[in-house]
Amino acid sequence: MWSWVLAYRNLGRNKRRSLATGLAIGAGFVGLLLISAYLYRAQLALQASTVYLNNKGHLALFKKDSLFEFTYRPSRYVITLEEQNKIRQIIKDLDGDIEFTGRYLTGTGLINYKNKSTPFIATAVEPDVYKRILNHTEVNTWTPDWVFPEAVAEAGRFLENPMLVSITESMGTLLGKEPPFTRYNEDERTIQLIGKSFFGDLNAIDSELGLRHTTGMALAEDTSLLLSLSQLQSLYATDGIQYWAIFLKDASSIKRIQKEFQERIKEQNLNIDVFPYYDEEWGAYYVGSISFLFVIACFFVVLICGAVVLSVVNTTTLGIYERYKEIGTLRATGFPPRAIYSLFWKENLILSLIALAAGYISAEWIANVVNAANIKFQPPGTQGDIRFVLITKAQITFALGLIVLVINFISTIVAVRRTTKANIVNLLSASGG
Amino acid sequence: MIVEVKNLYKTYQLGETKIEALRGLNLSLAAGEFTALIGASGSGKSTLLNLIGCLDRPDQGEVIIAGQNTSTLSEDQLSEIRNLRIGYIFQAFNLVPVLSVFENVELPLVLRTDITPAQRKDRVLRALDDVGLSAFVNYWPNKLSGGQRQRVAIARALVTEPSLILADEPTANLDSKTANMIIDLLLEMNKKRNVTFLFCSHDEKLINRVQKIIRISDGKLV
Amino acid sequence: MKTLLLFLITALTVRAENALELLKESDRARGAVGDGLSWGLTIDTEEDGEASSREFEVKVKDANAHIEATAPARNKGEVYIFNDRNMWFYKPTLKKPVAISARQKLTGQAANGDIASTNYSRDYEPTIEKTEEINKEKFFVLMLKAKENTLTYDKIRYWISAKTKLAMKAEFLNLQGQAFKIGELTYKNSVKDGGKTIPFVSELKITDAKFPKNISIITYKNPKAEKVSNSIFNVNNLSR
Numbered sequence: 001m002w003s004w005v006l007a008y009r010n011l012g013r014n015k016r017r018s019l020a021t022g023l024a025i026g027a028g029f030v031g032l033l034l035i036s037a038y039l040y041r042a043q044l045a046l047q048a049s050t051v052y053l054n055n056k057g058h059l060a061l062f063k064k065d066s067l068f069e070f071t072y073r074p075s076r077y078v079i080t081l082e083e084q085n086k087i088r089q090i091i092k093d094l095d096g097d098i099e100f101t102g103r104y105l106t107g108t109g110l111i112n113y114k115n116k117s118t119p120f121i122a123t124a125v126e127p128d129v130y131k132r133i134l135n136h137t138e139v140n141t142w143t144p145d146w147v148f149p150e151a152v153a154e155a156g157r158f159l160e161n162p163m164l165v166s167i168t169e170s171m172g173t174l175l176g177k178e179p180p181f182t183r184y185n186e187d188e189r190t191i192q193l194i195g196k197s198f199f200g201d202l203n204a205i206d207s208e209l210g211l212r213h214t215t216g217m218a219l220a221e222d223t224s225l226l227l228s229l230s231q232l233q234s235l236y237a238t239d240g241i242q243y244w245a246i247f248l249k250d251a252s253s254i255k256r257i258q259k260e261f262q263e264r265i266k267e268q269n270l271n272i273d274v275f276p277y278y279d280e281e282w283g284a285y286y287v288g289s290i291s292f293l294f295v296i297a298c299f300f301v302v303l304i305c306g307a308v309v310l311s312v313v314n315t316t317t318l319g320i321y322e323r324y325k326e327i328g329t330l331r332a333t334g335f336p337p338r339a340i341y342s343l344f345w346k347e348n349l350i351l352s353l354i355a356l357a358a359g360y361i362s363a364e365w366i367a368n369v370v371n372a373a374n375i376k377f378q379p380p381g382t383q384g385d386i387r388f389v390l391i392t393k394a395q396i397t398f399a400l401g402l403i404v405l406v407i408n409f410i411s412t413i414v415a416v417r418r419t420t421k422a423n424i425v426n427l428l429s430a431s432g433g
Numbered sequence: 001m002i003v004e005v006k007n008l009y010k011t012y013q014l015g016e017t018k019i020e021a022l023r024g025l026n027l028s029l030a031a032g033e034f035t036a037l038i039g040a041s042g043s044g045k046s047t048l049l050n051l052i053g054c055l056d057r058p059d060q061g062e063v064i065i066a067g068q069n070t071s072t073l074s075e076d077q078l079s080e081i082r083n084l085r086i087g088y089i090f091q092a093f094n095l096v097p098v099l100s101v102f103e104n105v106e107l108p109l110v111l112r113t114d115i116t117p118a119q120r121k122d123r124v125l126r127a128l129d130d131v132g133l134s135a136f137v138n139y140w141p142n143k144l145s146g147g148q149r150q151r152v153a154i155a156r157a158l159v160t161e162p163s164l165i166l167a168d169e170p171t172a173n174l175d176s177k178t179a180n181m182i183i184d185l186l187l188e189m190n191k192k193r194n195v196t197f198l199f200c201s202h203d204e205k206l207i208n209r210v211q212k213i214i215r216i217s218d219g220k221l222v
Numbered sequence: 001m002k003t004l005l006l007f008l009i010t011a012l013t014v015r016a017e018n019a020l021e022l023l024k025e026s027d028r029a030r031g032a033v034g035d036g037l038s039w040g041l042t043i044d045t046e047e048d049g050e051a052s053s054r055e056f057e058v059k060v061k062d063a064n065a066h067i068e069a070t071a072p073a074r075n076k077g078e079v080y081i082f083n084d085r086n087m088w089f090y091k092p093t094l095k096k097p098v099a100i101s102a103r104q105k106l107t108g109q110a111a112n113g114d115i116a117s118t119n120y121s122r123d124y125e126p127t128i129e130k131t132e133e134i135n136k137e138k139f140f141v142l143m144l145k146a147k148e149n150t151l152t153y154d155k156i157r158y159w160i161s162a163k164t165k166l167a168m169k170a171e172f173l174n175l176q177g178q179a180f181k182i183g184e185l186t187y188k189n190s191v192k193d194g195g196k197t198i199p200f201v202s203e204l205k206i207t208d209a210k211f212p213k214n215i216s217i218i219t220y221k222n223p224k225a226e227k228v229s230n231s232i233f234n235v236n237n238l239s240r
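Taken in order, these protein sequences are the chains called A, B and C.
Okay, so the first sequence: first residue is 1 according to this note's numbering, each after it adds one.
Okay, so the second sequence: first residue is 1 according to this note's numbering, each after it adds one.
Okay, so the third sequence: first residue is 1 according to this note's numbering, each after it adds one.
Hint data in this document are derived by calculation from the structure and do not stem from the laboratory.
There is no bait here: all hints are sound.
With a Cα cut of at most 27 Å, we get these calculated DSSO-like pairs of lysine-lysine:
no., chain 1, residue 1, chain 2, residue 2
1, C, LYS155, C, LYS169
2, C, LYS61, C, LYS76
3, B, LYS143, A, LYS15
4, A, LYS116, C, LYS145
Okay, the calculated beta carbon distance ranges per label pair:
no., chain 1, residue 1, chain 2, residue 2, range
5, A, LEU23, B, THR116, 39 to 49 Å
6, A, ASN161, C, GLU125, 46 to 56 Å
7, A, ARG387, C, ASN234, 51 to 61 Å
8, A, ASN371, B, GLU75, 51 to 61 Å
9, C, ASP62, A, GLU150, 49 to 59 Å
10, C, PHE211, A, GLU280, 25 to 35 Å
A few chain A residues that face chain C, going by a derived Cβ cut-off under 10 Å, partial list only:
no., residue
11, ARG73
12, SER75
13, ARG76
14, ASN112
15, ASN115
16, THR190
17, GLN192
18, GLY200
19, SER234
Cβ atoms here follow ideal geometry from the backbone N, Cα and C, with glycine treated the same way.
Sequences and hints are given; from them, build the entire structure.
This is the structure:
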């Protein structure tokens, strides 16, 4: 107890310096918390957008090698009806862990209105899955900016009319059509989709402009088309699908369910691969974005931690220099080196805990102010503005606090180490203090 | 013997110059001796005091404290010797400013696991009573006079009940009257507790009242 | 000097005119004749180890063509219409015909534009690049440059026999001038044009320049001159 009392009182000896160090630690912690709050939000937004809005599911079942080959030879890599029936049985077996599933088909072609046509990259969804995804809690919580309110309100229209398609505003401009498409009569809403069937033939189907959506990615905004699975199957003259997305009740069970799927697929002798959404090949955008964010975060974390370390080392070194004689006295009265270490790290621990508490309160306050300010920005590569939201999480805050304490501890040890090895006579005869 | 010093050598490097502070010095101190170590400035008396107090290590020779050869001990073992066997009184008192009088005296005992808090408190109060500072238990060092501070330092040296107390110019920072009072106190403690005292001093008042004087010159006893 | 310049211009013009004449002659054997013509067409494709076959009935008149798929059953009823240089696709399930590009792949190596009659002399600017002798037969090698970018190909290198005035080989070039498809023509059919029997194309073998195993063979059957009604080329008549 004596050492805690001594450590606490020592902090008051040079209040200005302790305040400066405390501010450095506190400001560093605020920085770390705000970065983590942004990253946490960004990661969850990316996750929700990848899993739900980009229809990747937590897991996706593909024909082996389909990930790369499907675009070139779709007929060879399509999951046939027979295979779908077997997969359906596996899904039934794992029903307890699965929230819902969706069958998907993607492909390219031309969307045509009168004499205007533009290329599309289509994602065909099952209408009920589409509705479910747009109304999903994860989507509402993390990616509301990337879903138009009217798209959510009209998410059931695919169910009523599977002939509808959903296009982006950019594609609408290319076709000379502006949302809402209800302003046009049926004839004006009728467009045609042209593509190459899986038999290699030219094919076309009539469709109807109904909904609009956004991809959240500038790169994909001109070509993205959403339509019902049956429609795209009709265009490509197939009853097959490209992949089957599995949406889990609990995202933390991905690895286990992936393994169970793999085992059952093997039992059924199916030539199917199972990919999680964070697979480098399947979820390249997610993995790339997260890696990029991680690198940026690491850069800032290193900067902040560096500043905190330098500040603590500097202050502790000055404090030690001023207290050479006192350290010498303590050593002369029988204090071993570890007791001197203990004294200084306790000082820094108390200071750090006070600074962390203040930092936490400040970070929460800043996050609340930022969130209330409703700041919108357009991150590079994304389509449209998103809200700048900061969300702190207790576990992350705790972990970051622990990191700050550990680096403070190490900084203290580094600063004190030389002193504990110094000759006691030299310490006692020092002019400092 | 409480202290036995055998063939002690200590050399300091000052820039490119080597200073031989001690050159094969031998010394013995019996229990309860009240001894002054005198000599000209730079004669090696402070070096000898530091080596006996285990604050420094000799280049050659042995320092035996209460029968234990300190030259082979680790840093932690030396810390233990300093804590259990030796009390130190400094010229500048060396009190910790953020600790009260009580806490300063208590300081050497806080590391001891063989003493209960109650025993610790009792010892501290007794030591403070011995030096006449019972009324100043909760004072801060900066509220005390020089003599009072040195008495706190004496109490701190006594509280561990050591067999040897080393004092480096204990009266140098005090006025004549206070110095006399401190000398009286040291003599009283020497008699009351049978503690061996070894001073390093130029103060005639103190030197005149010790039982034994050891003169040192050029690193050797004279 | 003036005389020399005049001579050169005249020589170049004559050469260009000769190229155009050659092209017109060769077009006649590929459907660009008379008031109306019809033939049957089969496209057999071998692509990435998979074989497929499609059949069409072709009716042409002037710059128009009406092509109806007859087999396989899944394609039956599909119609392609050429109106001058515009092309349309229609099938019974569509409300209206769809405007398509002649460049779009129809099946295998065959583009939509490959199944109609060929009227290169109207669509392309020809120049004679050189003459070549193949199997002791002299060929004019023409370079055809598209007059519009809606045409099936940007450039074609075209081998026309000096003797028969029939095109025997074509290299379809991309914008960089590299051949991406090679066509070889056979003329075992004949057709009457203004009381005169002229040879008519019987086979066009199109090979992928990079993957020679990917081949489409267009076989032309029963070409005959017949009166064709203009109404079949009217896309509005196809709407439901």
